[in-house]
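Asks: As you go down the protein sequences, you meet chains A and B in turn.
Quick note, the first sequence lines up with residues 38 to 368 if you use this note's numbering.
Quick note, the second sequence lines up with residues 16 to 344 if you use this note's numbering.
If a hint is listed, it holds; no wrong ones were tucked in.
Derived pair list, reagent style DSS-like, types lysine-lysine, alpha-carbon separation capped at 25 Å:
#: 1; chain 1: A; residue 1: 316; chain 2: A; residue 2: 289
#: 2; chain 1: B; residue 1: 314; chain 2: B; residue 2: 328
#: 3; chain 1: B; residue 1: 201; chain 2: A; residue 2: 76
#: 4; chain 1: B; residue 1: 151; chain 2: B; residue 2: 184
#: 5; chain 1: B; residue 1: 275; chain 2: A; residue 2: 76
#: 6; chain 1: A; residue 1: 235; chain 2: A; residue 2: 217
Worth flagging that the hints you see were computed from the coordinates, not collected in a lab.
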Amino acid sequence: MRDITLSKAVNEAIAEEMRRDPTIFLIGEDVAEAGTPFKVLSGLVEEFGPERIIDTPIAEPGFMGIAVGAAMTGSRPIVDLMFGDFLFLVMDQLCNQAAKTHYMSGGKLNVPLVLRTNLGATRRSAAQHSQSLHALVAHIPGLKVAMPSSAYEAKGLMKTAIRDNNPVVIFEDKLMYNDKSPVPEGEYLIPFGQANIKREGTDITLIGTSSMVQVAERAAELLAAEGISAEVIDPRTIVPLDEETILRSVRKTSRAIVIDEGHQSYGITGEIASRIMEKAFYHLDGPVIRMGAMDVPVPFSPALEDVTVPTPEGVAENARRLMRGEMFHAA
Amino acid sequence: MNTAKARTNSEDYLRMYRQMVRIRSFEDNANQLYLSAKMPGLTHMYSGEEAVAVGICEALRVTDKITSTHRGHGHCVAKGAEFRQMFCELLGKEEGYCRGKGGSMHIADQANGNLGANAIVGGSMGIATGAALSAKRLGRDDVTVCFFGDGATAQGLMYEVMNMAALWKLPVIYACENNLYGEYTKVEETAAGSITARAEAFGIEAFTVDGQDVLAVNDLTQKLVARARKGEGPFFVELMTYRYHGHHVGDINREYYRSKEEEADWKANRDPITNFGKWLATEGIATDAELEAIRAEVKADAAAAVDYALAAKYPDTSEVGMHVYAANG
Ligand SMILES: Cc1ncc(C[n+]2csc(CCOP(=O)(O)OP(=O)(O)O)c2C)c(N)n1
Ligand SMILES: [Mg+2]
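Next comes chain B alone, as it looks inside the complex (with noise of 0.2 Å):
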């Protein structure tokens, strides 16, 4: 990690520190909310992954898009979301950021640039594609990232929609978040070859980066946002990293397919926060008890966003029919 720029960053440094403990904080009290079974269908925790989300969306202004995935919360906390709307969503109350209409695997936050995320595999890359498309046309610097999974490299619309993005020089960032698996298969048995040789057979310039890092990812993304604005892109960013828990928050045996040995192995020594947390404390950045007071204070704002979304109401059954159609005029 790049020291010279430490002491000038720090406030930088912290929010993302403190982004990253938002998600896994959001996380947990997800799975819990599951586990309970206070929280109505399935969900797909994000824990472990933070840096890859949290770095991309540091790099991004809020007038910039993202894209994201059935994964999706920390895409959602990461460009800025409040978790009293999320935690709302996440339960089905009017409150939440669709009115309870879309629940864990579609939260949009369009104030925020968050055009969505989506449950179907890939689907959103059509999308992110198309905003970059708009912003362009309308003369708009923004640059759209476009979050998905190894699995969904294998949907043909990828190919479709890089392709033109590289003819039309397209603002639009492909992040490949490479968690290893796809459900309940490794990417070994899913996809042939290289996954960055997809992108640069399009003459897209294609990247590899530890996902654990969330410096390293910040750094990339700054460049490639930078030179996307300036219309240089489209780029291809395939992102190293590991999910802590099951393919949902139900997928508790999954010893047939993945290792617990492997699991405890990343945990204990390739976690973003932990080791981002260390690096902070070497640099003389924050002390591990400023550390301890922002996982505190955070987990105190989820507990009390929790509380608040369970008492929220839900909405009111009227509601069915509103939203099919938008208003003209």
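With the rest of the complex left out, here is chain A (with noise of 0.2 Å):
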């Protein structure tokens, strides 16, 4: 093991698989000599040249749409949308067009691509570049969607990403590209569909997507030093979501909360809740316990975007209130 950046793990997730096959290329804007904004893709152009790291237009359904054809015709493209937030305008070619192929045509024409893109606020970017949109897409059938929360699951996700044959949004956090964390030197995989456990715990489960898992592993040591013990767990695929893990561990600890940076209102926080109450209701000691980010745009300033993202003191102020068996929300 050694410890490597987001960033890098991503990178070379995507130079051994371009390696080890020739039918996936790389497309988006100023991914070449630029490496995107991010520089994640830096000497990946050096290495396959321009024909597989193609620079394009600002021109997202176009290439989307491009992207698309390619995947139905013997490629594997990998989509590079700078970020999440451009996502509303690849909505037709993403979800019309390459959540649906497969299934419209009798599972007769597959469309494997990646669409690899970014995620979350706090970075001083106001509205339209801090959007958290994964639940837009997760609400699509035919798309699946990773969210890996340290270098270790951009890398596992990300390889078997490429290998699916269906379309993949990965969403990446912008703010945790240069966190450093262990990264096997050899080829590893992460599968879909199964959830880590991060921490264990027997007293309140925190569930956690991408760079809420950090939040949630802070406040369970928030209620640690309180001796309240929090079991943590990281879906890192949101579809598919690995219930039974989650499930098994609210049956032990009979109470959850449920932490992502995506709006709160009508999102994965509702998703994950609904199902465990679906499916443990006779477990629970209380309400199961959503935390998203305000329903409000992204705020500008400072002093207003830092209240809009669920913080470590918030989840750990929640899990008292849960374990002091207080209603949420009462009047």
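Could you use the hints to bring the two separately framed chains together as a complex?
Replies: Here it is, written out as structure tokens:
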């Protein structure tokens, strides 16, 4: 094991897969010499050349559509979408075309493509460069959705995504690109639909996605100091979702908080919470609590932006209230 | 440049000069705020392109509308905005144009007809065209100018709205600021064929103009605005220009896509402020000392506005949920 950044992990995964499979190409804006604004892809064009690391004009629906067509006809494209916010531009090609082609063709056509993009606020980038839009695509049958929470996951999930025969959307947290964590030297893949128990505990289950896994872990530390034992679960992919691991944990702890950076309403937190309530209702000692981003466009001002996302302190406070048996949001 | 008009228009000329200096000064301060880590996030400098925004906006009335881009400070100043509220917005303060909610990439100033900057490349093309449709439907003779970069010509939306604007003869002017780069890529690598021919394909009259020459830009815009008011629009203008800084303030090491020599050449030989200043002096409209006085005054104004904004307060956190929905009634 060595410690590498999340950015390097993504770069390695793509490079390894491209060496293995010549049908893979990567397409997007400023992906070649510039290596993307976050420098995640630096060095790839030098190794694979501009025929496989393809710079495009600023035409997201165009290159998304091209990737769908290429994927249907023997290529395995990786689409680089500079900001998750630009998903709104590619929605038709992704959701009406890529997601439905296999089904509509009665299983005859495949669309093996990866859309790599990002999420995450608190970068002072305002409302059009800070959104966490994974719930939008998770809602569409036919798309798989991965949410790496560290360099290790970023590499293993990317490799699995590239080998998957379906369209997969991967959301990286743009604040985590420079975070280092241990990653094996040798090859490994992380299967989809397999949650990771980041920390074992007995009193309460904290389910976090992407960077919210770190928030959950820090909350667990705060709680441990007070004698509350929290279990932290990282689903790693939200489609498919490893329900079993989550339910097993909640049956043990009887309490759960779901933490995710998408807007709280109609989001991932609601989906996971209701699955727990449907399938582990009689094991629960209190309501399952959702903690998402506030239901507001992400504000620019640091004074406002910082209050829109879940924090370790906020998670710990909700956990204490659950432990005390307080009802939430009761009048 | 046209000497005949020089004397009668000297007030206009000096205002144009001052407005260009104000933009440059605003940007120098914004860059400094970034470099000294006093500004949250990143920002895109308009320095070098001043003649475009000023030449165009000086041909507009307050009720005329503009839509702007991620590189929008210049448009905002040129359309009449004040330094104080702009710096406050850049720093996320309560007194900013958007009460700190928008920041550098989203400043809007409705009172002066600025419908807002946009962080989505090409994102305002529909908005500008819609503003023109609205003016036409409501029987107003206002014109809308849609500012966008060369890179934005790759967005499909542009073709959809130009088609409708041409079909419906809308009073909109598409102003393409061709600064030769979109982010870290040269325009030749992203735009096939001719940029103006794109508009011409829809039967839209298109022009190319030196975007470093404020009078050339202003003359052309005056004519097009007058025609657009009479229902002869839409129009398309490609303005050849150059950004002095990186794509954003953090884009420092950029020799892999743009040479230092090229940058130095534009700054030394094609600076819109220097060249216009020289012309004003040659024509006897202003002395060097008078121009220097304008620059000093603007510099002091900007410094005072920065100090004001730095000391200004942040919005109260209770404002975070305000303005998600507009009130009814
Ligand atoms: C839809 C969309 N795609 C990509 C981006 C990222 N981006 C921001 S500015 C920019 C370059 C724009 O180039 P151009 O239109 O020429 O404007 P300039 O920056 O040169 O003024 C890009 C690619 C974006 N903001 N929106
Ligand atoms: Mg450009």
